[in-house]
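A.B. asks: Single-letter residue listing:
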Amino acid sequence: MGKLLPMFDEEKIMIRRTLLKVAGIATLSAGLLSPAIAADMPAPFDKPEDVKIALVRYLSTGDFFQSYLSGVETQAAALGVDLRVFDSRQDAALQADMVDQAIALGVDGIVIQHGLTESMKDAAQRAVDAGIKVVAFDVNVENDAIPQIEQSDYMLGKLALEQALKDNGDSFTAGYVYVPGIAPLDRRDVAWQETKEANPGIKEAAMFGTLDNPIANSVANQARSVLQANPNINVVFAPYDEFAKGVKIAVDEAGLTDDIDIYSADVSTADISAMREPGSAWVATVATNPAVVGETSVRALALLLAGEDPGASVIVPPTLITQDFLNEKDIKNMDDLGAMMPQFKHADVAMTDWMPLPER
Amino acid sequence: MGKVLCKLEGINKTFGTNHVLRGVDLELFAGEIVVLMGANGAGKSTLVKLICGYHTLDSGSMTLNEQPYCPSDPAGAIAAGIVTVHQSIDDGVIPDLDVATNLMLDQLTVAGAGLLVRDRLLREKAREVASNMGITTDVRTRVSDLGVADRQMIAIARAMAHAPKVLILDEPTSSLSATEAERLFQLIEKLSAQGVAILYISHRMSDIRRVATRIVCMRDGAISGVFEKTPLDYDGAITAMLGRAMTEVNIEPVNVGEPILEIRELKLAAHSLPINLTAHDGEVIAITGLLGSGKSKLAEIIFGLQQADSGDMQLDGITYKPDNAASAVERGVHLSPKDRSSNAVIPTFNIANNLSLPFLKSFTRGGLLSWTKQRDAADKMIDQIGVVCQSADDGINMLSGGNQQKVMIGRWLLEPCRVLLLDEPFQGVDIGARRDIGQHIRHSAPGRTTIVFVAEIDEALEIADRIVVLNESQIVGEHQNINVNLNALVAQVSGANNAVECQSQ
Amino acid sequence: MNNDRFLDYAIRYGFLLLLAGLVVFFSLLASGFASPRSAVFILQSVAITGILALGVTCTLVVDGFDLSIGSVATSALMLSAYSMVILEHSAVVAVLLCLAMGALVGLINGLLIVKYRVPDLLATLGMMFLLIGLQRIPTQGNSIATGMRLSDGSMAEGAFSESFLWLGRHRFDLVLERLVPVPVVLFLIIALVVWVFLEYTRHGRLMYAIGSNEKAATLVGANVNRYKIIAYMISGVTASIGGILLAARLGRGDIASGNNLLLDSVAAALIGFAVLGAARPNAFGTAIGALFVGILLQGLTMMNAPYYTQDFVKGVILVAALVFTFYLSARRGAGGKTSTNV
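Chains as they are written, first to last, in this note's numbering: chain Y, 1 to 360; chain R, 1 to 505; chain S, 1 to 342.
Think of the hints as simulated: they come from the structure by calculation, not from any bench.
In this text, a Cβ means the ideal position worked out from N, Cα and C, and glycines have one as well.
Some hints could be false.
Listed below are the simulated EDC-like cross-link pairs for lysine to aspartate or glutamate, each with C-alpha atoms no more than 16 Å apart in a straight line [to be verified]:
#1 S:215 x R:472
#2 Y:329 x Y:258
#3 Y:158 x Y:194
#4 R:361 x R:393
#5 S:314 x Y:144
#6 R:165 x R:27
#7 R:361 x R:339
#8 Y:332 x Y:348
#9 S:215 x R:415
#10 R:361 x S:157
#11 R:297 x R:415
#12 Y:332 x S:199
#13 R:380 x R:323
#14 Y:332 x Y:277
#15 R:267 x R:281
Calculated Cβ distances over 12 Å to all of chain R for the following chain S residues [said to hold, decoys possible]:
#16 206
#17 208
#18 313
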């Protein structure tokens, strides 16, 4: 969550120096205490402390990005490599400069996290030219030598809609929350358009949405008007958790919790408690664990460094999370979710036999 | 005397029903310094504004160098060679820019001036202008860092940069010290020797004696006397200026009651002599003096807006030392300030709200303001003081200046007070309203003491029982308002004979 | 003369007529618009910005401006969440903390402006940035929700108490069951209080006098500095009330800059200038201004107008209102019969 709209959230960076230190200590202890692990790994990971990798970030604020960072950090610590974090705080030009800084620093590999194609394309090429291995998460740098790490927004939408069809049959009246022009939302919109086409019984009674801060409050105001104008709506597809929260407020206020089901994307601790409120209309969400995406990014880079091929694109599959499941397992927060739902805790992509995984 | 440079014939000007100039004739010769004297409202400033292009004349003609002269705006007047330095200096300088830019400002607006400002060249030219004027300030200094006198010199210097044929100076020394004034006089004489015609507007007798080669007096919109025989007849000029205005109002000084306000050994400036003054019940005192004589400061000290350097005050026999306006009002000291538009009028309020502002507490009922109470009090005051309006609900800006002033004074008469201070109550007020206000003040005088601060002698003569003259922050004369020796009074006001203690009682 | 009277009526009642026209228009075109429920929805959607706008109105009255209200509101949102979820305070403590925070911010704004002579726009702009940053520091930029992981590794055990959520979610019965939400009631009460304070107490009258001619107000003995500080404190407190209601509605401490709250409430206050031809800030106008925006947005949403037209529509209303205020009223003569008394 939060990742859709970082540009609306002007915020501070969180270079977690303490965590870096922890990672450093972990590296050290890995090197001293468990040489056995290192010995099993191919070069250059036979001497992991000599391997330097950099994470060059465009976006850093919000839960999603923190979680992503922690994934990168834990996987790097598991490998025992030296991780440097560069944070450009949504400054595209600075991000390109940071790639050059990383090159000058003599890193072996770079993870580019978000950014603009226009500004990152050349910088990424320079890194490749310098013999550095590069992977990119959620930014297309138009370079065949650079694998793309993606969480599939299309799949997020698709899974949520499949659940909606399963719960409500193939004909229902829907409200759709959408703001065009935001890339991940546009990709999720593709799934909605496909589903509508494939199921003529689905009637889109209203489309609405806003990004006015605080988003949930603004969406709630809109949703209430929409629900009043269209009392026959029984499904709301809100493929972004802030949207879903807003719709849920409106549904609660209108006293329609039993009549409407909300399907969304993304998940957070707060979302879990909202879904689990008694009689909550928010019945399902689909999410990729950002920490897993972070881990996958580092693993893909490690494969490249070891001379293996992770593939041109590494897709981290999303997971369907239903209200029933949360209640059944009494899941209270993201940690519980990871524990109860292994496929959420770990994605079996960009894996090899020798790859060390973070402690669970 | 040189040739006629500028000639005005049969000038008439009316504003609404107010006939301000009635057939004024005036000739300005090259190389002479004409002093224009006139009481408040005599039409001096209107005449100046006609010459320098702010107003257009209704009838009559102006010629400059024997060519018809009819400026459509101030820029036109400057282009024709008539340059004016106005009294309010801050209109003449831009405080946030440096001296050089201020001096050369006009050059920047000339059509065809280069796009880029060449600072080095600008400063060079500015230094030249400055040194011609005897200005020694570094031209890179910001004007906001300069004193008033320096600003005034800069405004004048800029005017000089145009090489004018006619230079009009409106009270140029009002904020200058004696040495600075002397510098200015020398400059004026130099210019006049170069053949510039100078029109000098002033009340200050010492200035007039120093520079005038001819005196022209105005009264009620017409020329009331021209004095050009040497030695100039200064007494005659004063009489011509004040004229019949003196005799029109007959004041019978009242028998005063108990002392109310006693001012003891109060110093207005660090180096001036202390002031002693006792104001009595029922009495109206006019304190008169030139701009900068300390009148306003005295008013502000009594009203608690400033603290005196030393000395003390007694109100009804009890020590009186107000910290601010609120504590003065609490003790029953009311001040109607000068310059009503910036100091008194609340432009968005109606008459009743403007009137009741200081005493809102007495118009509340159960914590809430009562419109009925406010309106009733306002109606009563409107009636008493003769405000011309439709109702107490009229917006204040719909009223004429005189009626606005009545409201501003009426504001302080709503509740009884011990001391009523009126600072320039006749500022920007027509003659009718002035009489109304004066009458009401005198009429309501018993029960309090009233101190009126005025710069114009005729205003003082119209309202006061007693006239106290201030000059350079000290009392230089005191007159009961019966058969006042006008010449002595004017001399005291203008500081002509500080040394002579002349009391005409 | 006839023309003048027409102009006078146009200025006085033009905006209210426009409002009535809009209501009729939407009632005919959007089914379900004309119902008590719909009216309450509109009120609810404007309640929070309306409360903020009433605070801004007080600062506008003394010829000031408060850019920090949006961030005060979101700071109150975060503070209430922090207080209840992490510090496990009760609802009463959380509310009091927020109100005190709002008053303190107002006091600091006022002192910056009055004592340190910082221009109002700059002082409150600085405060805005400061608060946006400050509200994120305790949680490292995270939103606050029950069960969240704290920096020391433990879990936040506290929760939004029921009585706190009541503030945002309870509905009083009126005509229909469970109709009027608490924020709407609070909005109406605050509007009434601010209106009476500004129009009918001597303090309000003096504040208007200060805004119109500060020097004159000083010379009639008003304590100008104190009134200015009070205006900013009112603004801070109302903004924090807005934040509390927001928190109670959302049920979590969402990080947000609050810029939209700021812009919407300023727009409401400025539209208020045009109501009844007041040509100056006034509480009644502000409430109507907020309502005006709310009605338009509700109607448009019910007619399925896309989201991006909303800001455009708000802009059009604002520009129209400003023309009403500054052009037409100026033609009628400033300070005309724009009396404070009805």
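A.B. asks: The structure should be examined with respect to each hint, and the outcome stated for every one.
C.D. replies: The hints, checked one at a time:
For a cut-off of 16 Å, the pair hint linking residue 215 of chain S to residue 472 of chain R is broken: about 27 Å separates their Cα positions. At roughly 22 Å between alpha-carbon atoms, residue 329 of chain Y and residue 258 of chain Y are farther apart than 16 Å, so this suggested pair is violated. For the proposed pair residue 158 of chain Y and residue 194 of chain Y, the alpha carbon gap of about 9 Å is at most 16 Å, so the pair holds. Straight-line distance between C-alpha atoms of residue 361 of chain R and residue 393 of chain R comes to about 20 Å, which puts the hinted pair past the 16 Å bound.
With a C-alpha separation of about 47 Å, the suggested pair residue 314 of chain S and residue 144 of chain Y falls outside the 16 Å cut-off, and the hint is violated. At roughly 14 Å between alpha-carbon atoms, residue 165 of chain R and residue 27 of chain R fall within 16 Å of each other, so this suggested pair holds. Our distance criterion of 16 Å between C-alpha atoms is broken by residue 361 of chain R and residue 339 of chain R, whose separation comes to about 26 Å. A C-alpha spacing of about 25 Å is found between residue 332 of chain Y and residue 348 of chain Y, which places the hinted pair above 16 Å, so the restraint is violated.
With a C-alpha separation of about 21 Å, the suggested pairing of residue 215 of chain S with residue 415 of chain R is violated against the 16 Å cut-off. Among the hinted pairs, residue 361 of chain R with residue 157 of chain S is inconsistent with the structure: their alpha-carbon atoms are about 53 Å apart, more than 16 Å. A distance of roughly 25 Å separates the Cα atoms of residue 297 of chain R and residue 415 of chain R; the hinted pair therefore is violated under the 16 Å criterion. Taken as a hint, the residue 332 of chain Y and residue 199 of chain S pair is broken in the structure, with Cα atoms around 52 Å apart against an allowance of 16 Å.
Of the supplied pair hints, the one linking residue 380 of chain R and residue 323 of chain R is violated, its CA atoms being roughly 32 Å apart against a limit of 16 Å. With a C-alpha separation of about 11 Å, the suggested pair residue 332 of chain Y and residue 277 of chain Y falls inside the 16 Å cut-off, and the hint holds. With a C-alpha separation of about 24 Å, the suggested pairing of residue 267 of chain R with residue 281 of chain R is violated against the 16 Å cut-off. Its closest Cβ contact with chain R, about 7 Å, brings residue 206 of chain S to no more than 12 Å, contrary to its assignment away from the interface.
Listed as outside the interface, residue 208 of chain S is inconsistent with that label: its C-beta sits roughly 7 Å from the nearest C-beta of chain R, within the 12 Å cut-off. Non-interface call for residue 313 of chain S relative to chain R: holds, since the shortest CB-CB distance, roughly 30 Å, exceeds 12 Å.
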